[in-house]
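**Student:** Here are the chains, one letter per residue:
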Amino acid sequence: MTYWQDIWDRWQFLWDDRGDGVTYWQWMFSAWGYTVAVAAVSLVVALAIGCLVGTLRTVSQHRVVSALATGWVELFRNIPVLVQLFLWFFVISEIVPGMRGVPSFVLACCALGFFTSARIAEQVRAGIQALPRGQRQAALAMGFTQLQAYRYVILPQTFRIIIPPLTSEAMNIVKNSSVAFAVSIPELISFAMQTQEETSRGIEVYLAATVLYIITALAISWFMSILEKRARVPGLSSQGQGAH
Amino acid sequence: MPALDFSFYTWANISTYLLSGLYFSVSLTIAATIGGIALGTVIALMRLSGIKPLEYAALWYVNLLRSIPLVMVILWFFLLMPSAFYNLFPGDIGQKYRAEICALITFIIFEAAFFSEIVRAGIQSLPRGQTFAGQALGMTYAQNMRYIVLPQAMRNMLPVFLTQTIVLFQDTSLVYAIGAYDILKGFEIMGNTFGRRVETYIMAAVVYFIISFALSMLVKRLNEKIRILR
Amino acid sequence: MIEMKNVSKWYGATQVLNDCSLNIDKGEVVVVCGPSGSGKSTLIKTINALEPVQKGEIWVDGVAVHDRATNLPKLRSRVGMVFQHFELFPHLTVTDNLTIAQMKVLGRGQDEAKQRGLKMLERVGLTAHKDKFPGQLSGGQQQRVAIARALSMDPIVMLFDEPTSALDPEMVGEVLDVMVGLAAEGMTMMVVTHEMGFARKVSNRVIFMDVGGHILEDTSKDEFFGNIEARQPRTREFLNKILPH
Ligand SMILES: Nc1ncnc2c1ncn2[C@@H]1O[C@H](COP(=O)(O)OP(=O)(O)OP(=O)(O)O)[C@@H](O)[C@H]1O
Ligand SMILES: [Mg+2]
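Residue numbers (the numbering used here), protein chains in the order written: chain A, 1 to 244; chain B, 1 to 230; chain C, 1 to 245.
One thing to keep in mind: the hints can contain errors.
[Said to hold, decoys possible] Covered, in the sense of this in silico footprint (three residues per stretch, anywhere, with C-beta under 8 Å from a C-beta of chain A), are these stretches of chain B:
1) 49-55
2) 176-185
3) 216-226
[To be verified] Beta-carbon label-pair distances, calculated as ranges:
4) P156(A) <-> Y11(C): 27 to 33 Å
5) A136(B) <-> S168(A): 34 to 40 Å
6) Y141(B) <-> G235(A): 39 to 45 Å
7) L52(A) <-> Q143(B): 51 to 57 Å
8) R68(C) <-> P234(A): 39 to 45 Å
9) Q54(C) <-> M139(B): 58 to 64 Å
10) E185(C) <-> R227(B): 48 to 54 Å
11) N63(B) <-> D9(A): 30 to 36 Å
12) I95(A) <-> N192(B): 47 to 53 Å
13) Q54(C) <-> R146(B): 56 to 62 Å
By construction, these hints were calculated from the structure, which means they are not laboratory data. Owing to the predicted nature of the structure, the values given are computational and were not obtained by experimental measurement. Quick reminder that beta carbons are idealized off the backbone N, C-alpha and C, glycines included.
Work out the full structure, taking the sequences as your base and the hints as a guide.
**Tutor:** Here is the structure:
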């Protein structure tokens, strides 16, 4: 009896006021909201840029374009995400005119989004190159322009192939959003670190944050498996290859 | 826009502020790679052992660590590592380098989850015939793994290991969360000392980029070599 | 209809087409054969500029294919092509495979495209499969859909690159039947194939290519099969290998 009472007591801090009318309980959920929001916005940025850059890397006619795309990938995947975050907050916002007033949420999403865009670009490129060469030729042979061939034939198939790696990128972006604590975005890690300092309830606080991360990861994998099922084409193996 | 000034990066300042940090970042990377591969192999073997409790333990280990951020794991270990543990080290080393020791242990345990998945994929990608051939020669499971399967799998996995090492090297910057003295910390202290934050992060990015990019070129060369050998 | 003048092509230092010239009139059926690697696929793909050439001229219905200023998508939309590996779009249903280029390239409305596509599907005898995906069809069925897809663009000429060589033997006939029907209707066709039965039955001319991208023979069907003694040694060697004795 006293054992359960004891455990119950240890979680009481959640209903305490942290000093400004906000309880730790409310703070925790707003922190979770920040984690999800940073991750979601960054993912949109990363997908948009990643698809574009990855596609451009496969356009062999334009040497300059594909070299630029390659440069983008190498630049953004060879610098740690934390350092990239600092670059956005303390370098780009300092020395690029007009960047000074940009909200920190936006800067964090740029940092995470650009970092992840390099990884998604690689997956898009690999996905496109995994398609049989004849698909592009068949599309062109029917009179599609390059752009139409990508739009109607190549990219829809690529998208289906790369759902599994995209799932892990989506999970990665949630995990990587944790670095935002270093620039005082009030997400889960910030919450955990500050609350454990203020309440000395480290284990409980970390446990709560960890569980929220796990729930987020499970939600993503559930969502992506639904997406994968809906995108599945009858008669086609999940590898996306046709009959040969 | 303030003018950039990199003149404070003199050799004397670099060796004062940066070298020990760089040394720690690199040692942490190497130690975590070796330790992670060793522990990861054990976990992969557990996962493939066919013994249910071992299989589930390995599965949980991997899935748990892969679904939480490394920063969170670092914080957990820093919180839970008993003080007595640090006292095991001679003199005051344990207390003085708490964060660094904690980081090392965390990284080995965390990276093992990722390396074990690589090892598992490597073992499973070997043709089944190799295992059968070993068994046909009368080898035990352990002998088969030790002499037939692992040596082949490891050779195939070398480039993937190296790629993971590049990721690991970049991840070492996250020891920032517990204030361990790595290269990034070195840059930061130096930047604060000279009041030059902009140049600090530019140089930090350049150093990380050069090391990671050089390693990734190495992996590329290695991959091409391996392709030729096959 | 198709005219090729002194066409040469290189991949780096290796020459894959060597001074090739040929002429195909409206309504003609020309079969191209030759050993593997002789450049047959490359030759046929130069006609709709899927393979660019470094030297020579290619004219299709008065349009200069070799000219950089030519609107290639427009030209290609009038030239039907059938591939060895079918190359249906696996993420689209059979009907969508038939209509997508009609709508996006020719600008036809959905109803018109569908009507035209289904009519072509009917003529290859696959109406029942209109809602399936390519992966759910046999190889022979896929190739027939691919032919219907090309036909639904109302091409002025049809190019076939080994249309039956990826098929199981029992499916070769169904595809050849469709092609024989097309020839009978007067379609201009260029066909890379080793099906000498088809060549004998419907072709007007046979072109033989040899390694290095040379056109070694370009003669009427009757001369090609009827007067084997007059053929080049390389041609005889090739025919000996593939003709039943
Ligand atoms: N992308 C390429 N790069 C370099 N060489 C190529 C390329 N594509 C084809 N070749 C070479 O060009 C030559 C002609 O190839 P092509 O595919 O036209 O031959 P083919 O007569 O169609 O052979 P097959 O009967 O095997 O289809 C071959 O020697 C081939 O190796
Ligand atoms: Mg060919």
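**Student:** Of all the hints given earlier, name the ones this structure violates by number, lowest first.
**Tutor:** Hints 1, 3, 12 are the ones this structure does not satisfy, whereas the remaining hints hold.
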